[in-house]
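Build the full structure now, drawing on both the sequences and the hints.
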Amino acid sequence: MSAQLRNFTGSRVFWPVVILVGLIIVDVIAFPGFLDITVKEGHLFGAPIDILRNGAPTLLIAVGMTLVIATRGIDLSVGSIAAISGAVVSALLLNSPTPDNPWTVVQAVGIALILGFILGVWNGTLVAYLKIQPIIATLILMTAGRGVAMLITEGQILTLHSKPFEWFGSGFIAGFPVAVVIAAVVLILTMLVVRRSALGMFIESVGINPEASRQAGIRSRGLLLGIYAFCALLAALAGLIITSDQTAADANNTGLFIELDAILAVVIGGTSLMGGRFSLIGTLVGVLVIQTLVTTVYIVGIPPVATMVFKAIVVIAVSLLQSPTTNEKFANWRKDRRRPTPTKAIEPTREKVSA
Amino acid sequence: MKKYAAIAAFGAAALTLAGCSSDGGTDGATDGATAAAGETEAAAAGDAGDMVVGFAQVGAESGWRTANTNDIQRAFSDAGIELKFSDAQQKQENQIKAIRSYIQQGVDIISFSPVVETGWDAVLNEAKAAGIPVILTDRSVDSEDDSLYESFLGSDFVLEGNKAGEWVVNEYADADSVKIIQLEGTTGAAPAIDRAEGFIDIIGADPKFEIVASQTGDFTRAGGKEVTEALLKSNPDVDLIYAHNDDMGLGAIEAIEAAGLEPGVDIKIVTVDAVHDGMQALADGKINFIVECSPLLGDQLVEIATAVYNGETVDKRIVTEETTFTQDEAIAALPERAY
Amino acid sequence: MSSTVMERLPANSATRGTLSAGRRIITSPKYAPVLVTLGLFIAMFVSGGVRYDNFWSPQVLLNLFVDNAYLIVLAVGMTFVILTGGIDLSVGSVIALSAMICAKLLEAGVPAAGVIAVTLIATSLLGLGMGLMIHVFKVQPFIATLAGMFLARGLCYVISEASISINDPFFVSMASTRIPLGGSASITISVIIALLVVAVAFYVLHYSRFGRTVYALGGSEQSGTLMGLPVGRTKVLVYVVSGLCSGISGVLYSFYTLSGYSLTAVGTELDAIAAVVIGGTLLTGGYGFVLGSALGVLVLGLIQTMISYEGTLSSWWTRIFIGGLLLVFIVLQKVLTRRRD
Chain V
77 MSAQLRNFTG SRVFWPVVIL VGLIIVDVIA FPGFLDITVK EGHLFGAPID
127 ILRNGAPTLL IAVGMTLVIA TRGIDLSVGS IAAISGAVVS ALLLNSPTPD
177 NPWTVVQAVG IALILGFILG VWNGTLVAYL KIQPIIATLI LMTAGRGVAM
227 LITEGQILTL HSKPFEWFGS GFIAGFPVAV VIAAVVLILT MLVVRRSALG
277 MFIESVGINP EASRQAGIRS RGLLLGIYAF CALLAALAGL IITSDQTAAD
327 ANNTGLFIEL DAILAVVIGG TSLMGGRFSL IGTLVGVLVI QTLVTTVYIV
377 GIPPVATMVF KAIVVIAVSL LQSPTTNEKF ANWRKDRRRP TPTKAIEPTR
427 EKVSA
Chain C
46 MKKYAAIAAF GAAALTLAGC SSDGGTDGAT DGATAAAGET EAAAAGDAGD
96 MVVGFAQVGA ESGWRTANTN DIQRAFSDAG IELKFSDAQQ KQENQIKAIR
146 SYIQQGVDII SFSPVVETGW DAVLNEAKAA GIPVILTDRS VDSEDDSLYE
196 SFLGSDFVLE GNKAGEWVVN EYADADSVKI IQLEGTTGAA PAIDRAEGFI
246 DIIGADPKFE IVASQTGDFT RAGGKEVTEA LLKSNPDVDL IYAHNDDMGL
296 GAIEAIEAAG LEPGVDIKIV TVDAVHDGMQ ALADGKINFI VECSPLLGDQ
346 LVEIATAVYN GETVDKRIVT EETTFTQDEA IAALPERAY
Chain A
197 MSSTVMERLP ANSATRGTLS AGRRIITSPK YAPVLVTLGL FIAMFVSGGV
247 RYDNFWSPQV LLNLFVDNAY LIVLAVGMTF VILTGGIDLS VGSVIALSAM
297 ICAKLLEAGV PAAGVIAVTL IATSLLGLGM GLMIHVFKVQ PFIATLAGMF
347 LARGLCYVIS EASISINDPF FVSMASTRIP LGGSASITIS VIIALLVVAV
397 AFYVLHYSRF GRTVYALGGS EQSGTLMGLP VGRTKVLVYV VSGLCSGISG
447 VLYSFYTLSG YSLTAVGTEL DAIAAVVIGG TLLTGGYGFV LGSALGVLVL
497 GLIQTMISYE GTLSSWWTRI FIGGLLLVFI VLQKVLTRRR D
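Chains as they are written, first to last, in my numbering: chain V, 77 to 431; chain C, 46 to 384; chain A, 197 to 537.
Think of the hints as simulated: they come from the structure by calculation, not from any bench. From a predicted model like this one, the values you see are computed outputs, not experimental measurements. All residues carry an ideal CB built from backbone N, CA and C; glycine is no exception. It cannot be assumed that every hint is accurate.
Unchecked claim - Partial pick of chain C residues on the chain A-facing surface, computed with a CB cut under 10 Å:
#	residue
1	Gln102
2	Glu106
3	Glu127
4	Lys136
5	Tyr147
6	Thr163
7	Asp166
8	Asp187
9	Ser188
10	Thr231
11	Thr232
12	Ala234
To be verified - The calculated label-pair distances, taken between Cβ atoms and stated as ranges, are:
#	chain 1	residue 1	chain 2	residue 2	range
13	C	Gly330	A	Leu324	52 to 60 Å
14	A	Leu257	V	Ala382	40 to 48 Å
15	C	Ser222	V	Ala382	25 to 33 Å
16	V	Arg353	A	Gln418	18 to 26 Å
17	A	Leu328	V	Arg295	37 to 45 Å
18	A	Ser369	V	Val97	50 to 58 Å
19	C	Glu302	V	Phe252	14 to 22 Å
20	V	Met350	C	Glu302	44 to 52 Å
Okay, structure coming up:
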């Protein structure tokens, strides 16, 4: 038990969990009923449920982003892909004579997801085959993609009136919001696939050393293509949930800056932007930290002009606490206080070694 | 070989770009054909047919803004006047670049919606030096030298906040205490700052009105929903929500309904803008009062531009005609609404 | 392919020598991307002149400098950071913060020289903070500078939510003074400052030990340490340089707009990164030119000018157009610099 505890306190996810707990404590102090979950009209209702539901799109995108970052890449276009997906589904439903027919909704959703996948293939081709740097390759789609989304909606906010589609954003499965269930299922499936199969190892290998991986026989280009396509697919799914949640397609604002939140969540969760080892559980914690942070601002009543500074302080605190240097000092301090108990191994600092 | 082929390909692409007609890029009818048609009508429309107007729009950040753009483009094409349009993606530096470019292109009139009030003196002085008159729309500049622009056509955001405040004062004339949640627009944006100021000016005098929480929803539906959802939990006995635009109000409606309450009845809602979806909600009784902020400035702008081009004097400050709507007024007005 | 070209070269060995040397420069991985960018810039300018009236005038070219002086300085700072393999996302927000500090202090009556000094010190300190986070605490540059971005933007809102106008005579004169260059062409003083910054950066990067260490860091940090270069100090210093450049850029920006506005320069860091990449610098570090970055800024400016002259692109087509042109640039650069075997 104490070995497990020591493992946990030494892992990168320890401090984010501490910060998360800290934020929740602040919230409970400001509003004692914060953690109350009641049942209303047959479904769960409460602030924590809101956090889970509002964080679901970010989690979906962050899961895809984790795999992309593990390959030493980055995907800035996820927000625009979410916007395109929302715009497409709305355009289809608004032009359809039977928007309340579940089959129509299934078709529209399917088309939006396939389109997202294709856009991911586009990104993957630029990165894997044309060897364009991921930040620039995805910046192109980020710029042009939002333009495409606005083109589809002609800059207007398209309000939807399709009951089956609203189910994504406002429906419930077994008492939990649909969005939360979808995000949880995607997270669990992804974790199973990458850990139970060799896929996870291949991804980490490509991230650590693409050239060596290729020579070891891993089809790194195909793998990269697939990873970017998967990330885009999840972004499209997130876009559908966001659009359903606000029952409107807003090409301007859907997914705006969500890529920053996703990247932040991934890094808070312990995955390095240099590629290599990744942690999906860490990403989950990262998303929860970010979403709870947003809610804390509302609950505590931090004035809007101070919100950004508050977020900055939390991000700086998390990154400083997570840093290997702090962990080293902390471990040394514990070693000094508890001689002659054996100390845990100090995590070697990551040095970039170019191939 | 590949290299030369690539250069040739790019050259071909560049020439195609140079040669292709402008139809590929427009959504409105502002292509060369209309300008030509305008010239034949020049005799009937005064000198307007030769006029070239450069318009630097803020961006397309909301449905309101797009309606504004569409209306302006429609009005100018109806009048047969050539309109050069640029979109600044909400950046001041892009607007400055566009205006400088219009000066360089030698347009007859420059018009723009300043994304922010400050910082235009340098470029407006250049326009003045080049002899090109400037017309402001939607928002003003705070230059002390008002010879830098001919006219400012737009809404008064503070007045909009006042009107919202006045309705609230009347509505709650008999109440003992009124708890209000304010959904602010984007932090730092002039409409948000002014609408908050206008509202406080009216209700601040009476201590029975208490703004229990004020957070930003960024002028979006998602923002309005997320903020309201959280604030309703920590302030369950709120009476009224004042949102700086319809979209945030619409998001608030969803949050209120999810909490099992009735918007417009259990919690009253006041918003600004009067876009179609907002008016619909008002007609349905979910919103209680809307202050209009009209984006349909196109015809008025054409009128002013033509007058300035013909050397007539125009009013320095022209306030857009805007009104307010209650539920019955909304039901009556809805069929005619253009946006 | 190469043999056929060699056969067709003139028999004169001196000419052949110069030509093959020239060819080597053009296709070398170091210079090729920048030269390609220059070629594409010229091609775009030519096609613009063909299509639009009043395009082929010197003032149009000079306006590229006038309107983008602040971005050129920003791109110079970003080049230093990217050459070491890092990145700085805070630059846009720091511009806003600098302009806001200037506006607030000037409003309070502090003299212009003091205001500029305070601003530059403040932004350099912010850069130092980020550099220390990155080097001492091993926080990844993306995250450290993202935190810097939030902090700078947050401080803007705290200093003033509403925008503040600048009326100080020195700033106003810097904004409106024009230096005539013959005919009707003129530039502003900011352009001179920007070009000075580029020149200083060029000298530092190519002729000083600091510059050599910067390039070495991008190549391989380990090798740099083994060679005895002051790796740690340099790593922190590049972020100070970036912070300083962002501060200078912010001051130039406040000359440009004469106001402090908290919502300004959102996303400008991406413009700076795009300019640096178009200019031939690799994001993995080790390769790149300050002159290339300046050229990248001009390319972005030219794209915007062309869109403005076109006058018919709606907001969404503008974005699609910019994305498309960026794509063409990057792909062509890749294709044209691929090493021949």
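Structure versus earlier hints, numbers of those that do not hold, lowest first:
none
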